[in-house]
Each structure stands twice: as C-alpha cells, then as structure tokens.
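Go ahead and model the full structure; you've got the sequences and the hints to work with.
The primary structure of each chain is shown beneath.
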Amino acid sequence: MESRDSITDVWGPRTPHPGSEPGAWPARQDLRVLEEPAEWVQSVCLLCSTGCGLDVGVRDGRIVGVRGRVDDRVNHGRLGPKGLHGWEANSTADRLTVPLIRRGGQLVESTWDEAMALIVDRSKELKEKYGRGSIGFYNSGQLFLEEYYTLALVSEAGIGTSHVDGNTRLCTATAAVSLIESFGTDGQPGSYTDFDVTDAIFLVGHNMASTQTVLWARVLDRLEGPNPPKLVVVDPRATVPARRADVHLAPKPGTNLPLMNGLLHQLLEKGWIDSGYIQAHTTGVADLTRTTDPWPLERTSSVTGIPVARLEAAAEILGTSPTLVSTCLQGVYQSLQATASAVQVNNLHLLRGLIGKPGSTVFQMNGQPTAQNTRECGVNGEFIAFRNWNNPDHVADTAKVWNVEPSTLPTWTPPTDAMSIFRYAEAGAIRMLWIMGTNPSVSLPEVERINRILERDELLTVVSDAWLTETARRADVVLPAAIWGEKTGCTTNADRTVHLSQKAIAPPGQARSDLDILLDYAERMGFKDKDGQPLIKWTDAEGAFEGWKACSKGRPCDYSGMSYAKLRERGAIQWPCNDEHPDGKERQYEDGVFNTAKETCETYGHDIVTGAAFEANEYAAMDPKGKAFIKGAEWVPPPEQPDDSYPLFLSTGRVTYHFHSRTKTGRVAALQAAAPEAIVELHTDDARALGVADGDLVTVRSRRGEAQGKARLTGIEPGVVFMPFHYGDWDEPGRKSAANRLTISGWDPVSKQPFFKYAAVRVERAASGDGRRPEDPEQVQADDRPSGSHRRGPEREPVGTRSDR
Amino acid sequence: MTVRPTPPGRDPADPPLWASKPVPPTVKDQVAGFVGTLKGSLEVLSDALILVAERHEKNYEINGTATVLAGWMRQDIERLAPAIERYGIAEGDQPRKLRAAVLGGVRGGLAGLLADLTDLSVLAEQVDMSWTILFQGAKELEDDGLLAAAREGRNHTERVVRWVRTQIDHTAPEALAVGADADSSAVASMPKGLDRVSAIPDPIWGPLASAFLILVTGVVALLAGRPWLLPSLGPSAVLAGEMPAHPVTRTWNMTVGHVGGLIAGFVGVLLAGAMNDPIVLVDHVLTPGRVLASVIAIALTVLAGAVLRASHPPAAATTLLVSLGSLRTATDAANLLIGVLVLAILAALVREVRMHRVTPAERMAPRDSLVRRFLRRESAG
Chain A
849 MESRDSITDV
859 WGPRTPHPGS
869 EPGAWPARQD
879 LRVLEEPAEW
889 VQSVCLLCST
899 GCGLDVGVRD
909 GRIVGVRGRV
919 DDRVNHGRLG
929 PKGLHGWEAN
939 STADRLTVPL
949 IRRGGQLVES
959 TWDEAMALIV
969 DRSKELKEKY
979 GRGSIGFYNS
989 GQLFLEEYYT
999 LALVSEAGIG
1009 TSHVDGNTRL
1019 CTATAAVSLI
1029 ESFGTDGQPG
1039 SYTDFDVTDA
1049 IFLVGHNMAS
1059 TQTVLWARVL
1069 DRLEGPNPPK
1079 LVVVDPRATV
1089 PARRADVHLA
1099 PKPGTNLPLM
1109 NGLLHQLLEK
1119 GWIDSGYIQA
1129 HTTGVADLTR
1139 TTDPWPLERT
1149 SSVTGIPVAR
1159 LEAAAEILGT
1169 SPTLVSTCLQ
1179 GVYQSLQATA
1189 SAVQVNNLHL
1199 LRGLIGKPGS
1209 TVFQMNGQPT
1219 AQNTRECGVN
1229 GEFIAFRNWN
1239 NPDHVADTAK
1249 VWNVEPSTLP
1259 TWTPPTDAMS
1269 IFRYAEAGAI
1279 RMLWIMGTNP
1289 SVSLPEVERI
1299 NRILERDELL
1309 TVVSDAWLTE
1319 TARRADVVLP
1329 AAIWGEKTGC
1339 TTNADRTVHL
1349 SQKAIAPPGQ
1359 ARSDLDILLD
1369 YAERMGFKDK
1379 DGQPLIKWTD
1389 AEGAFEGWKA
1399 CSKGRPCDYS
1409 GMSYAKLRER
1419 GAIQWPCNDE
1429 HPDGKERQYE
1439 DGVFNTAKET
1449 CETYGHDIVT
1459 GAAFEANEYA
1469 AMDPKGKAFI
1479 KGAEWVPPPE
1489 QPDDSYPLFL
1499 STGRVTYHFH
1509 SRTKTGRVAA
1519 LQAAAPEAIV
1529 ELHTDDARAL
1539 GVADGDLVTV
1549 RSRRGEAQGK
1559 ARLTGIEPGV
1569 VFMPFHYGDW
1579 DEPGRKSAAN
1589 RLTISGWDPV
1599 SKQPFFKYAA
1609 VRVERAASGD
1619 GRRPEDPEQV
1629 QADDRPSGSH
1639 RRGPEREPVG
1649 TRSDR
Chain B
2 MTVRPTPPGR
12 DPADPPLWAS
22 KPVPPTVKDQ
32 VAGFVGTLKG
42 SLEVLSDALI
52 LVAERHEKNY
62 EINGTATVLA
72 GWMRQDIERL
82 APAIERYGIA
92 EGDQPRKLRA
102 AVLGGVRGGL
112 AGLLADLTDL
122 SVLAEQVDMS
132 WTILFQGAKE
142 LEDDGLLAAA
152 REGRNHTERV
162 VRWVRTQIDH
172 TAPEALAVGA
182 DADSSAVASM
192 PKGLDRVSAI
202 PDPIWGPLAS
212 AFLILVTGVV
222 ALLAGRPWLL
232 PSLGPSAVLA
242 GEMPAHPVTR
252 TWNMTVGHVG
262 GLIAGFVGVL
272 LAGAMNDPIV
282 LVDHVLTPGR
292 VLASVIAIAL
302 TVLAGAVLRA
312 SHPPAAATTL
322 LVSLGSLRTA
332 TDAANLLIGV
342 LVLAILAALV
352 REVRMHRVTP
362 AERMAPRDSL
372 VRRFLRRESA
382 G
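Sequence order for the protein chains is A and B. When we follow the working numbering, the leftmost residue of the first sequence carries the number 849, and every step to the right adds one. When we follow the working numbering, the leftmost residue of the second sequence carries the number 2, and every step to the right adds one.
Among the clues, some could well be false.
With a cut-off of at most 20 Å between alpha-carbon atoms, the simulated EDC-like pairs for lysine to aspartate or glutamate come out as follows [what the hints assert, rightly or not]:
1. A:K1414 <-> A:D1427
2. A:K1401 <-> A:E1447
3. B:K59 <-> A:E1303
4. A:K1414 <-> A:E1434
5. B:K59 <-> A:E1296
In case anyone wonders, no lab produced these hints; they're calculated from the structure.
Next comes the structure, spelled out in structure tokens:
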C-alpha cells in the first residue's frame, strides 16, 4: 500500500499556502508499506540532506514500510521517492554477513576475531615502525553522530593521526568552509521554515527538485499559493527549478564567481545595501568593492554568457526583495573557485543584512544526510565541535574533555583532506587506510588512479560496508556493517535539526555497526587516557551521545540540552540546545553577532583565492570581535579550456532516484527501473553536429579516460555535456559508465573539494540505439504538466528566453 | 583580511594618476635600475612557479595554485609598463643569478617539494623587496600610478609568500616524519606528462644537453668540412647544458664573450710582442712573451666582459688559445667564430626548451609562436 506513486509523482500533490508564518506548511502524510506493520519505530530518512522524520514499519523482524511523521518540523509528513523505497535495500540477498580477508588474491570468508586481529596487529606494527601518520581513515556522510565521535577519539586521541577525512569532502566541504570564512564557525544560520515566509528564493547551482525533493515540495507549495516568492535559479541545465524560475541564469562553466561579482557590483552600484548593518556587523566591505569593481554587468555578461537584461532582472530581485533565502549546492561546491563563489552568496546576505531573520538566510546546503555530523565531530577535516586546531586553548579544552595530554592530539597541521590522503597512500606514506561506508572507487575524481592506489600491495585497505561495493572488491579486509534501521544513532540535517534513528531490526548474519567495530578496535588496541583508564568510556550509542554532549557544551553546536529520551519525545530538535535554549534555537546570528571573535572562531581564515592560511597573530591584529567577514575574490579563469581535441565541457551530477554510488538505491527495483543506466545529456545542436540521436550509446573521452552512456538530447547549455556520477560497475562488471573516469584530480584551494563539474571532453557515437529517448521520469512529469498543479501562470513568465541571447 | 582600503579621496575605479612631475635624469636611471631588477625577478618567480607546478603535477595542491600565482606575476609585469615608459629600464643580472642558484638538482617526493617551496620563498622575497623599494620611492616621486601598481604588486606578492608558507606548513610533517618507501614516492611524484622537460632532473639534463650541443656542432662542421669544433666550445656547452639559467649563458654573453676573448688574445700577443714566439701546444716550449701575452689578454677579456655586460668564462679559453699561439690566422679566427655562432644558436634553443615556462592559459592561446607550439606539444597529455 502506498499513499502515492512517488516515482512518477516525485513531489506529490500540492498543499499551497500563503506563507503567513514560519512552519505554516500544511501536513501531508506519505506512506508506503508492503505489509501491515506490527510496530512503528521512530527514525529519520537517510537518503539526502533534508533529513525527513519517518517511522519504520516492522513485522516479524523485517522492515515492511515507512511513513512520514506529520508532526516533524522538517517534512510535515512527506517523504520523497528515495525515502519511500530505499528501505527495501536492507533486505537484499547480497548483504555482507561475514568478514572477508584477501588470501592469495581472493577475498575469502573469515571471522571477526581473525579480521580484527589482522587490523590491530598491522596498526600496532605501523605505528611502531613508521609513526602515527602511517594510518589513515576515510569515512562517510551516512554514519551516525555517535560513530563519528567515536572515530574522532580512535583516530585523533588513540592513533594520533591527522589523516582523517570523510567523503563529505566531496559534497559539503565548501559548505563548511564558506560558513567558517564568513561567519567564524560552521553551522547553518537559518531554518527550513524560512522557505515558508520568504519573498524570494535564490538557488545557486542547486537542483533542489532532484536532490532534495521534499524541500522542493515545500517551495512548490509557496510557488503555487497566494503571494508566491520570486525565484532566481543559477544552473547551466534547464532543470525543473530553472524552468519554474522568474529568472534563470545559465552561466558558462567556471564563471560562478564572475556572475556573483557582477550581481554584487550591481547591488553596490544601485545602493541596494543596508549600510547600517554593514557598518555595525561586518568587516571587509572595502575589499569587496575592490574585487567587484572590474565586473560591471556588460563584462559579467560577456564572461558568463548571460544576457545583461537577465542579470539586471536577477540583481533587482536579489537587491530589493524584503526577505531572501539563498541556497548553494554542488553547482557551486564542485565547480571552480568553490569557496570564493559560496562566500559571495554569504556576502549578498551580509550586504543586505538579510540573515538571522524569519524568511532571510543563506543555506550552504549539505549533500549527505549526516554530513553535518562528520563536520561537528571533527572527522571531516575540521577540529572537534567547531574548535580551532590552531588555537592552543581549544586544543587544551578538547584534551581535557578526553582526559589526554594535548600533545597527543595531531594539531600541528590542519587535518588532511581526502585527496591528499589518497596521494599520501600513493606515495607510500600512508600504509593502512580504513574506509567506512563509502565508495571512493566510484565517487572520487579520476577513479582509475584511485583504483590503482587501493590495489597497491603495500597498502592495507580495510573497508566496512553492507555490500561488496566497487571499493570493497579491492580491499584486503572487508567488514560487514549494519546500516540504517539496524542500529541506533543521531543524524543532523542541513538546518541543524537532530533526529534519533532507532534500531528497528537486527542486522543480517554477523554484521555489526561501525560503532561496535570501532569500540572493538579501541579495546583491542588498548587505547588509554592519561590516567591509564580506557580512552573510550562508552559501550553503546547512547553513551557516545552523552560523551558528545560534554564535548559540544559551550560550542556553537551545543547538544548539551538534549538526550535520547528528549529526542524520542520531541521527535526533532535543532541545536544549539542547552540551558539557555532547552527547545533548541531556530536561527543563529539573530543579533548580528557572529562567531568570529578570536577566542571563538574555528580558523584564523584563509585567502579565499589561494587557500593560504592566516596566522594567529595576523588574526589577533584585526580581531573582528563578532563582526562577519565580507571577503572579496578575484576571478581565476578555468585551467582546462575546451580545445580542438576536447571541445566540450563536462559537468557531472545526480538524478532524483539514486544516491551516491547506488549501493542502496541501485538495489531497489523501482528506483533502479526509474533510472537504470548512465545517460549523457547533450544539447540538440551539439548532438546533431556529432551525428548523435536520442538513445545512441556514446563514448565521452577526457585526458584522463573514457566513459559511456546513452545520449539524451535536451536544452542544456550548448557546449556542455552532463553525466550523472552514480554508475559504477558493481552490477555489471567491466561497464565503463562511471563519470569519474573523466574528471580532474583538481580541487578548490580552500575547501579541497574536487571539481566534478568541470573537465574538457569530446563525445563520439559508439553504437546506434533503438531511437528511444532514455527518459527521466522527473523531467517528463514536469513537462507533462504545463497546466494544473504545475502551472506556470502568465505573470510568472521568466525574464528573457533563449532567443534574447 | 585581504582588506586593502582605497586611499582617501580616490575612487578605486578611477584610472591611475601617473605623475606629471618632470624626473631628473639621475633619478630616472636609479629608478630604471630597480624597475629592471623587479621585472627580472617577476619573470624568474613566474617561471619558477610554473616549473614547480609542472614538477609536482600530481599534487594539485601545488599545481593548481602555483599556476594561478604565476599568472598574477605575469599580470604584474604588465603593470610595470607605464613605469618602464616613464623611467626606462636597466635589466641587471641579479635575478637570473638568483634563479641559477635555486631549483636545481634532483627534486622528487615530499622532500623535493619542501626544497622547491623553500626556493620559491627566496624568489618571492626578492620580488617583495623590489616592490617595497619602488613603493617607497613612488611616494617620494609623487607617482600615484607607480604607487598603485606597487600596492597591487605587493598584495600579490604577500599572498604568494603566505601561500608558500602554508604549503610548507602542510608538507613538512609528512616530509620529515614519515619514512615513505622510496619507490612509491618516486612514482607518486613523477609528473603525469613524463615527456615534460621540467620533469627531467639536472643530472640527466646536463650531460645530455651538453653532449647534444657538441654533437650537433661537430656534425655541422663535418658536413661543412671545416674545423669549427674547437676547444673553447667545450666549457660553453657545459655551461649551457648544466646552468641554463645563469646569465653568463645568454646568447649575447656567449657570442660577444668569445669575440671579446678573441680580440683580447690578439691584442695581448701584439702588446707582448710575442707574434713569433713558439706555439706552446706544438713546440712544448713556454716563453715569457707568451705568459705576458696571456696575462694582458685575460685582463682584457674580463674587462671587455664587464664593460659589454657579456661575461662568459669560456671566452677565457678562446683568449688563451690565441695568446698561447694555437690560433693565429684570420681563417682560424673565422672557424672559431662560426663554431661559436652555431653553438650559441643551439644553446639558445636548448635553453629556451629548458627554461621557458608558459602558463596553461598561454599554452592554450590560439595564436602560438613556433616555440610555444613546440612547448605545447611537449606538455600535452
């Protein structure tokens, strides 16, 4: 039984409202069960960063369905297609149920004792022989808070290595860094309820309709209601939001920063700024004047390829709307000058004083469901609980909470980023790499190089996962992991809402949660605190949560006022939650005081163009004492330009129905059927020039490698090719459809987030198709409904069409 | 924190106000000298940044930003154009001497990266100091245009220095504390484009390039049937192969240096009256006249090198060939000069290939010179 067919009706029926107050979004319960559940277990969806509250239906020890929680502040009962179907993956027959060890080139079944002994012996040997820097950890955006926090202790206080990062580096590193650079610490300023009342929405490189379907439903209910907000969308593809936009800006690849500089230039020129706010609450506007100065709209137009009329229309909305919600996602984070561009979106809000007020905020959106937690817990290249690794007081503070000597913590350099971890592994400096719940063989740029590194004889690769992924197949030790629904822990979404995801069923076979694996490892390694007591004082998730409460107390991400009981009772609580705010706090920075004081800030800041770090004394000399930073940035033209050999730009991205490398979603029949294979989206004119028709198999080549997919001809920007990155080869060995075979090992100098949206390629027809267009049900749905619930009224005709270029 | 407030009373959008005050000639010469040093230093730093980017190509952390910074240095060279127009430019050897002293040898792995970064910081300091000198001078000269250029230039250079320091911070712990195995770190630090000239270490490039120079000169001479390959070409070939960055290997130094040496030798012989003394290498007799001729000739060679800014130590070999009597006729002199010319042209080519670096943006520029096209092919892949 299901409340709606979410595959063909991704966003569900409309419940329009006029936006009278934050949280005024009417409820609608989405439900999908295959059998009548015997009990419902409170949990949260784990298949995007929205973080929808749901109940898991259980019968006879199996998950039989899910339903949205109508009283949840995030989703008001709704669930998207991944949420309604994803749980089916738990019960697939190919789950890993016993540890595997590589023997004679083959992975063979083993026991926990044997596998853990091997890992522990090797860890001890490496630490003794080569030092603590010879061990690295690469984690995920889908574990629970308690697991990340335990990993932080194991890696930083136990081993003492700074080589700890998550695959969240690929999706939200820029979100974190841009918030830190502007506001002093990580942590989203606003709340999803701001969408309910805002007058304008600015989506920058964020295909919300695809990546956060429930949040887009929330926006649609405003767009369809009386008094709809204006919508400005920056995207090179004619995505669903782009087609709904009042103004759609489609910049050429690599020109996000010129676009933002041009828009800010226009705001400054027109005086669409709040001088009082700027004076009282920001520092650095002179720098912004300098860097936006070369970007009048004419030059911006010629560099970005966007007509001046559209730039003017967009700037007017952004400059004059009384309230404004902006969001950035991968179109910013995985493009060139990611941090610099994201910071300009923060600058927009600072210039207008539109932050910390109902209906006004900037979301530096997250990609994965628990990305926020990896960042908070200090296993994603940040120091624990938004502390500053460069501030001796913060280090001492942490050491005190953990009862260890400050010198044991690896704080002499910033935590190593993912790409550097793999480079150190390639160079032989890292000799053991423990990968938890993620799939670098598909998700990292230039995957052929990554695969060669994983297969190196000198590197012991440990992988914990629920399935034998592309990465696990290359591992030396594979640990079967329990996943969502089979373990308990907290998740924090992109608007700081904390949910408790509870264990509903037992894991299959001998599978164990990553928390239990880490606790076992810590015990076998004999990690001790400075009094000779066990370093890790807990044995279960709730204990870990209590530890985290103590660690986060007094920091911006304060969980000290929460408990498992309170989370069960209340369903969802936003941090900070402490004595002052026992029910959590909806918005940060309401008073215009930011976390930039030198005692509070998370870093001393960077040159956002070069990535060079400022030192403590430089920061102290200009301590902003709570003022936000306005940081300008010069444009750096793209390093790889299309040329005769590789004439097209490649952009990679996501489809609605899949998550990451399809480890779960590819195993769910309905989701896999909705998007069964890699596609290559081409502009009709480019396709014609190449002799490619809809449905043809095409080969895309870059200087790094080649990948194949079926052609889909669309209204994408001419000269740009789009491929989803989800398609590895676990379900069809040898298939070359992973878009990351083509991408560049290059990244933003500040956030270290790789450029997935940027590579020069050429496209060739490999084989004729059956002439059938590989459809995207989501797009069809948007196209098929020119009237009715998806109607775009005449007053909402976008400014300018392609013909005005 | 990169805040650099606009000077009071000036809109940053206004074009720079170039000073209109007349400049006395002595001041002009002074400034021209510092402008020359700065321009030379900027060129050296820019090339060095690209060189380091190419050497550590697999490390995008270095490769990406070093390339961007090289582009900034090129912009700053262009920023100097009005100053050059106003004060002139006197290029000195100092920046090139500095370049010749750094970035050499075998540089691979994390330790090699650390060494390269240290060298970059030395070059960046040189640029920073030169900008500071002009910045301070511009105030006294009341030259607002130069002041604005220097302000921008210093901003860029400070950011280079800060970036280098950040990279050293990140690299040092790994480079010093971790015993990486030599084989894999060599593989990991090898550039992706193995055909890149910048990837070839000095101990391999030096012998090959020097031998190549002698080989081609020799083959040309054989084909022409003339004895153009003479002893004093040896040291020139060695210098061009081993120290291509050094100013004494410039084409001017090499050709004018040998010509000067030749003339100095003949003058020495004349002044010493040793025209008819025995030939040292044939007769195995050394006369006081030959010694005196050599003394005078060497002094004149060095003097000529200094006056013509064409110092080239191998020219002293030419001088002694003459003063010791091995080279006596106009035909002999012509043979030597042709040999020097052939070698100098080849050396210029070899040096261009080894030393000249282009940023990726320049590499992709649609109108390529012959050399650029050659370099582009070199570094494709």
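>> For K59 (chain B) and E1303 (chain A), compute the direct alpha-carbon distance and say whether it is at most 20 Å.
In response: holds (18 Å)
>> Run the distance test for K1414 (chain A) versus E1434 (chain A): straight-line Cα separation, threshold 20 Å.
In response: Since the Cα atoms of K1414 (chain A) and E1434 (chain A) sit roughly 17 Å apart, the hinted pair holds (cutoff 20 Å).
> Straight-line Cα separation of K1414 (chain A) and D1427 (chain A) no greater than 20 Å?
Replying inline: holds (14 Å)
> Are the Cα positions of K1401 (chain A) and E1447 (chain A) separated by 20 Å at most?
Replying inline: Measuring from Cα to Cα gives roughly 15 Å; hence the hint holds.
> Has the given pair, K59 (chain B) with E1296 (chain A), been kept, meaning a C-alpha gap of at most 20 Å?
Replying inline: holds (14 Å)
Hint violations for this structure: none, all hints satisfied.
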